[in-house]
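Chemist: Protein chains in written order, with our numbering: chain G, 11 to 434; chain F, 11 to 434; chain S, 11 to 434; chain U, 11 to 434.
Copies of the same chain look alike in the list, so a pair counts if it works inside one copy or between any two.
Distance condition first, Cα-Cα at most 35 Å in a straight line; then the derived DSBU-like pairs of lysine-lysine:
(1) Lys253 - Lys336
(2) Lys136 - Lys253
(3) Lys366 - Lys434
Don't read these hints as lab results, they were simulated from the structure.
Number of protein chains: 4
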Amino acid sequence: MEILPNRLISWRRDFHRYPEQGFLEMRTASIVAAELDRLGFELALGQDVMKKEACMGKPDDALTESHYDWAKENGANEAYLAYFKNGYTGIVATLDTKRPGPTLAFRFDMDALPITESDALNHAPKQLGFRSIVEGSMHACGHDAHTAIGLGLANMLAKEKDQLNGVMKIIFQPAEEGTRGAKAMVEAGVVDDVDYFIASHIGTGVPHRHFVAATNGFMATTKLNITFSGIASHAGGSPEEGKNALLAAANATLNMHAICRHSAGDSRVHVGELHAGSGRNVVASHAELIAETRGETSEVNQYMKEQVENIVAGAASMYGVDYHIKVVGEALNSICSDDLAETLANIAKEHPFMEKVVVHDDLSAGSEDATYFINEVQRQGGQATYCIFGTELAAGHHHECFDIDEASLLPAVEILHAFAKKCK
Amino acid sequence: MEILPNRLISWRRDFHRYPEQGFLEMRTASIVAAELDRLGFELALGQDVMKKEACMGKPDDALTESHYDWAKENGANEAYLAYFKNGYTGIVATLDTKRPGPTLAFRFDMDALPITESDALNHAPKQLGFRSIVEGSMHACGHDAHTAIGLGLANMLAKEKDQLNGVMKIIFQPAEEGTRGAKAMVEAGVVDDVDYFIASHIGTGVPHRHFVAATNGFMATTKLNITFSGIASHAGGSPEEGKNALLAAANATLNMHAICRHSAGDSRVHVGELHAGSGRNVVASHAELIAETRGETSEVNQYMKEQVENIVAGAASMYGVDYHIKVVGEALNSICSDDLAETLANIAKEHPFMEKVVVHDDLSAGSEDATYFINEVQRQGGQATYCIFGTELAAGHHHECFDIDEASLLPAVEILHAFAKKCK
Amino acid sequence: MEILPNRLISWRRDFHRYPEQGFLEMRTASIVAAELDRLGFELALGQDVMKKEACMGKPDDALTESHYDWAKENGANEAYLAYFKNGYTGIVATLDTKRPGPTLAFRFDMDALPITESDALNHAPKQLGFRSIVEGSMHACGHDAHTAIGLGLANMLAKEKDQLNGVMKIIFQPAEEGTRGAKAMVEAGVVDDVDYFIASHIGTGVPHRHFVAATNGFMATTKLNITFSGIASHAGGSPEEGKNALLAAANATLNMHAICRHSAGDSRVHVGELHAGSGRNVVASHAELIAETRGETSEVNQYMKEQVENIVAGAASMYGVDYHIKVVGEALNSICSDDLAETLANIAKEHPFMEKVVVHDDLSAGSEDATYFINEVQRQGGQATYCIFGTELAAGHHHECFDIDEASLLPAVEILHAFAKKCK
Amino acid sequence: MEILPNRLISWRRDFHRYPEQGFLEMRTASIVAAELDRLGFELALGQDVMKKEACMGKPDDALTESHYDWAKENGANEAYLAYFKNGYTGIVATLDTKRPGPTLAFRFDMDALPITESDALNHAPKQLGFRSIVEGSMHACGHDAHTAIGLGLANMLAKEKDQLNGVMKIIFQPAEEGTRGAKAMVEAGVVDDVDYFIASHIGTGVPHRHFVAATNGFMATTKLNITFSGIASHAGGSPEEGKNALLAAANATLNMHAICRHSAGDSRVHVGELHAGSGRNVVASHAELIAETRGETSEVNQYMKEQVENIVAGAASMYGVDYHIKVVGEALNSICSDDLAETLANIAKEHPFMEKVVVHDDLSAGSEDATYFINEVQRQGGQATYCIFGTELAAGHHHECFDIDEASLLPAVEILHAFAKKCK
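Next comes chain G alone, as it looks inside the complex (with noise of 0.2 Å):
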């Protein structure tokens, strides 16, 4: 077997050339699943973690069947891949120590993004022959990544697991991106039994070397897809006739943006795209709408969402038009546990690796469906924390050109590891 820095980097180059967008993580979820079983954890796989009903934005039937003929075809570990052909990819593994002690959860995500990666001579696995073979489909997030470092972390606690004491629990999660995927996992209670969680990040903003061991300035979101549905007439004809939804759609996308702020927090609405109609001289019978809000706590985040619902609504009723509004997507906001950072943020300082540590440090106005996990584990009596691994990148997240250095992936490992053997 090769040593682990090795196959972590080349875990991270597989996943990074072959990414796989949210609910259609089937390639990556079933190597993931085999190197688990090979490493004797426990595997509860799909519908067994994740709650149908509570899954958001999950593509349609035609896109997750023909994505499951890509993954047989771009080197999908097949004897686990029918396990994920439905596209629900969660993943929870255990490893029981038998011995007493507390239940440990670490959760990484998985999904890619809806971004064609740089093609130029200059980003990295393009010189390296591990850029995206996908157009349009990149690991720009760092994902590619997190899968990796949790691999990693499952060989580390396998490997000494006769030095560690009660549950380890290692969860990869779907469709991050969007923030789709942890209410299911969650509400499949997954996080039931964990007294310790952590979820982690890479890069973000923290430099190389660096490492935060809690972060709490997520916003609160609900990404939304809003549909008008009139009745077309020709729009010199007849256009008493018609029942303009382009009209409703404008109207209710300048009146959301106009929702006034909030006394208790940062907030947002915005909506991203618009389209409707389908000629000139057509009153428009369709328009659609992607949206969101956040907030800088989960009651700010209602409260926009609430107006937004009133104003959809009245701006349908002005028209005379039908319509529909979509959740596809929602996070809360969350405070990590004190404790288990401060915890953490020692350990972490105990690392070569590391030249600065810091406890808190907020991110703003981003979102992370990590904050399911985070509020039930504190629900429940546990603690919970979201720490972030620094690292240089190459371009800021989202963008064509992002990359990591990947001498930042097997401190990770050990850092997180660490904390393992130190819970007792």
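Keeping the supplied structure of chain G fixed, place chains F, S and U upon it in accordance with the hints.
Modeler: For chains F, S and U alone, kept in the frame of chain G given last:
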């Protein structure tokens, strides 16, 4: 008794000097009623000729009562004033010849406009001492002349009663401005027995010594006062606790103006006034729109009105505020009866004062509630028309310098009288 | 040579099967040019009869080039195809009798619509094997019939040349749909010498065996593609750095629809399509509106267009974005020449096929760029009309099941030919 | 001479009974000036301490003149009243100890609010006979108390002048409501020589017997009066001739509320009032918005203000109307000086009246133009703070039943005096 031309002028100047707005024509009506009584007409007054529920935009009790005091102090005929105390100022005067023949009705309107009359020295009413004594009220549309013509006609009909057949009705209507008073008289049944109906107007751009026997161009219209009621809150400290009536109103306004054209005919929608809010940093809890719709046909106007209702309801719902729509005026479109127009035109051609007589010549985009009378008479099988007596105007209708050439008064009386004589 | 009625039908079905949209009528034009050449007409083609700068909404080079390949593979007459390679597909065919007499011009349009034809078995073109072979393109407005009538007329004129006087011109115009092609031909001067001009249309609601010699109801129109260009930014992380093209577009749309009515005549304004944005959480840097204005007169349309320009500029300025307005189609209103209409009506009355002939009967709220020809011919002292050959329609114009009764083709040719014979 | 506690109460009640709004504090200032002069302070008044150009939202001359008459008739000190006739009512009173030491400045505001005071019997000012005698004006924010405290402080400083060092300045500022008056005093240089600056407020939710030495939560703000000027026309007869100021205003309002959030801090934008139009059927030629922006920092507020400017200009351009934006109030955010706050807190802790002393406790979302003084003093190297004297409130600030517990007046004076004594 003075000769008629002089009386016409002195009536017109008296009414001009003491203008009374809609549903407040108490002084005017008391003088009219006294004269008609003197001439031997049978009188029906106030709520006997006006259906209370169909009166629109009637002033409140306080204003009505204080105006009664004003009328008393300013020359009303006290013997008749009491009949009009409650603001139902309509009069129907009937002269029954007891000879077989058709029932004729002539309608005149009595109300003034909320305009302050010019104080310029070259404005004839100022120069000649009959400028309005009331700041903010003025006969700037000629209804003073209409009332005088009505009284002149009554005199001629009474004097030559023996040469007439059938029944003569003279209708003095309140509140034509804002199209508020006619509907109530029609619903009280005052034209239920009418075979020939003539409404008339002076001026309207028709030149001096010209006569138009029929005009069809009136647009149906609805006058709407719309209020939004929300909840105030501090716009800095707790904006989310407010329900913003101002935003609902602004939004309703914009979308009302965006109501699409109707292929069946010309339309209008207009918000003439918007008043909202009570302080810079207070979420507005109240907003009011002063609005109107118009349509080339009553159906088109109805369409516009329904869209306004949808939009107002939708805008209120968007912002979580209550709303109220009050119809404060309404009129129909109308098509004059060809035969009657032809007959009237032929009579006018024989009058030496008239240099040009036109059967049909449409006004555009104005509105008139005489259309209620016209539609009702025709519905019952009678004939009806709306004719124009041309005159030289000092300034356009509704202008503070509006004035007519009084030489046009007597010919107007004589033409209507000639028509009455001809009917058998 | 087959007899004419059969040829009319086979031409019409051939063009129907191979529909070509505006400025792409290469196959059609190549067949038309070949036939006209064969008949001895003198031909002027492409940019000789079309002013490049006045072409509106012409497809880009890539589409034009790929369509050329399509035409070549689908039965174009290769000898003539090359003349139309660049998409300037206009043809003016002249037959000079060398005898004194007026110059006549007949105009026919050739382009198809962006509609996918019905595949229903009871749709005649499907049943009879001439359904469009191109998904997304269809002759759903009868221009296939128009082109066939034009060729039929050319045949009859050529055959009976000895009985004619003056000069005969047949104009085959591209891109009438979207009112894009006529202006370029008029500005190239193709009707500068014309004394009598006749444009014609089949169907439009006029019943089978009916003929309308003149229709005036076309609204002037302008077709506008409007783009807004802003700056993208992360809607959560740095919303204030974005310049929101979507909001500018939504706002422009709402306010365009709120442009007030014009008292001089009917008007329209319509945004048929709005497309904006590239991601849920990205401030939209691009938005596009597909819009049009109309006016009962060219002046009213001009008023509407100017308001649109003001509104678009204002909306862009509000949101700090750039904008571009491209006119991709334009047409005028027109008034047919009474004498010419009368003459044409009398000729049609003598045709045994016609059961009813009407001199004037206005269409409402449609638009036509033949109005450029009509206005220009009249401006130079000639006479012009737009006539309608009634026919039974399987479904309305622009409907996927549109179809005509081919029995109406020959009478159309014969009436136009009769007119030509009568002109001296 | 009466003892101080009683004088504090009688001053406060006198000012309460005769409230004067911003730039009209003539009666108040005349009494203040007289007392300060009596105590031996050197006085600088009116335009000597206020830069004319920097005064915002000053009433017009007519109102200023008529208020002068009111002040004369209602107990102003006539000897000093003349100095304030033009509405520049600021006072800077200086006591120079001639001993070396720092320059201290204490600022008090004097103006009332446009609120009608409660007439309820259980409202103490009503019961005790010092309810406002002016309908529509009320000291509902405690500035009557502030002025009284300022006079009390002046008395104590004058009395114990021998125990003081350096220079004492007491600043009486007009027009704090609407944040209109401070900038003019700062720009006149009144704190150019100041080493320690203290502004204070009573109440604001801080409980009775509590003291807050420093509050930072003020939002920067700009108060804007925005007018649109269009062209009137008849909405039925010639709508296209109008330039609609009401639509421009409605549109500006909606889009102002849609200004996007700023990632650098909390923001607000609010249109509190909209008044437009003069008649139902007249295109509105005039519209006015009463608006404000706020920002957690002055930069954020500046961003909001610039967006408002863009939106107003764009909306005006859309509708072809003119506009004018007038800044009628402005304030900054501020950060109190830590050392000064600490010192002040320690002094307050020693005062027996105080049960709780807090160094920092931020208000949220309010605004204050004392921030101009604070920023300027700090810019020049001095220290500044804004402290709060808690008190029991009968109802919240700006409420018609607002009232304070007068027992908090004397401790306020004593704490400020103690600070003065301590400074060397």
